[in-house]
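Please take these sequences and the hints and turn them into a complete structure.
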Amino acid sequence: VSGGFGLRLTDRGTVKRELIRLGWPVKDEAPLLGGEYLDVPLRTAMLDGRDFAPRDYQTEAARSVVGDGGPGSGYGVIVLPCGAGKTVVGMVVMSLLKTNTLVLTTNVAAVHQWIDELIDKTGLTADQIAEYTGDSKSVAPVTVATYQILTWRPDKEAEFPHFRLFRARPWGLIIYDEVHLLPAPVFRVTAELQAVRRLGLTATLVREDGAEADVFSLVGPKRYDVPWKDLEAKGWIAEAVCAEIRVDLPENLKIPYAVTDQRNKYRVASENPLKRAIVRQLAENHPEDRILVIGQYVRQLEELAKDLGAPLITGKTPNGEREEIYGSFRRGEVRIIVVSKVANFAIDLPDASMAIQVSGSFGSRQEEAQRLGRILRPKKRNSYFYTVVSRYTVEEEFAANRQKFLAEQGYKYSIQHWTEEELNAAPAPRLLPERTI
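Residue numbers for the sequence shown follow our numbering, so the first one is 51 and each next one is one higher.
Simulated from the structure, these hints should not be mistaken for lab results. From the three backbone atoms N, C-alpha and C, an ideal C-beta is built for every residue, glycine too. Incorrect hints may have been included.
[What the hints assert, rightly or not] Calculated cross-link-like contacts (lysine to aspartate or glutamate; reagent style EDC-like; alpha-carbon spacing at most 16 Å):
#, residue 1, residue 2
1, Lys148, Asp118
2, Lys148, Asp89
3, Lys284, Asp118
[Claimed, not checked] The following label-pair restraints were derived from C-beta to C-beta distances:
#, residue 1, residue 2, range
4, Arg203, Leu72, 27 to 37 Å
5, Gln459, Pro81, 33 to 43 Å
6, Asp357, Asp89, 31 to 41 Å
7, Asp185, Glu472, 23 to 33 Å
8, Leu72, Pro204, 34 to 44 Å
9, Glu207, Asp166, 50 to 60 Å
Take a look at the structure:
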């Protein structure tokens, strides 16, 4: 090649990734493949008869990725808060590119949500859309799959058998939903798919493993980003009130906490039994809110579910049972559900207006943003986001780190202190400005 050097097509992504790690981001202007034609018209009315049209920012976001079709366009990442309609952005991109599309997302519930949304808001028919999961492995012009099925293999030394999905059809577009969660094996195969148009969707590009550069080099640069508070001001996402409630460890846990190792300190603090009383009182003080209680440790969540008389969803809950519980919550038959880390992922619970976080993945900023996002679907009332932490423990430090991303987005946390004696004497309030520091 005159003035340069040649690369194998399959090495394109690997070279881009290594160069960005060296501080040399690549402007990739090599041609992209068109894929097989597929018309994806957007409806003007949804199946229930309500009008449908993409919001201005959703159309702008889609066009920022599609570009003019020339060199350097057709790939990139869109950053929008949870509840702002990232799925609609994906559908607008599909309608503009008119090509076979592979959608990758986090779990089976998210797969079903994508399929329902596509049928509700586009002219695609059910036989043009397929599900590729552990439950069903079909391929159609639009196929929606989970990262989990793609990264499954019979043992650690084996190949990934479901990577064949990437070659199953002449895909013209691959959509990476919740791209901040892209698993390492999918990164590797994405490096070989640089000739295909790519769209990443996420609420935050924060990755605790520092792999944001891999997302930029393999999926594409950030093309569109809107501050969360801007969309809140325009009514596109709910206004959220954030509070951190700090509670002392009970006397019988203070010495065990002091003498245990650093990692176990976090678990002792996270499972502080006094948190149960706070959760019960918060639920009582918000009788009109639809509540998600979110945590990390199953034993703690089982106790809370029993306290509240609420259904529990963990990673071991069968998909069918999860769908039933989510459906009951959406229909208003259940007011409170207790959920583990599965709530970090793409789950559409539009009426959820309050979240109580009792434990999490150490100082994960990404997880904090995802959990707040579960209650940001636009609604007439404010949303409430409570984090309950053990005072004078490592949990305070981790909570401060978790809140950094949302603080940068303009969210403020009021902080309340509660002792064991105060808990026994009075109910915990929604917010007490005079106790806030």
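Quick rundown of the hints versus the structure:
{"no.": "1", "hint": "Lys148 x Asp118", "verdict": "14 Å, holds"}
{"no.": "2", "hint": "Lys148 x Asp89", "verdict": "5 Å, holds"}
{"no.": "3", "hint": "Lys284 x Asp118", "verdict": "29 Å, violated"}
{"no.": "4", "hint": "Arg203 x Leu72: 27 to 37 Å", "verdict": "31 Å, holds"}
{"no.": "5", "hint": "Gln459 x Pro81: 33 to 43 Å", "verdict": "37 Å, holds"}
{"no.": "6", "hint": "Asp357 x Asp89: 31 to 41 Å", "verdict": "52 Å, violated"}
{"no.": "7", "hint": "Asp185 x Glu472: 23 to 33 Å", "verdict": "49 Å, violated"}
{"no.": "8", "hint": "Leu72 x Pro204: 34 to 44 Å", "verdict": "37 Å, holds"}
{"no.": "9", "hint": "Glu207 x Asp166: 50 to 60 Å", "verdict": "38 Å, violated"}
The structure does not agree with the numbered hints 3, 6, 7 and 9 stated previously, though it agrees with the rest.
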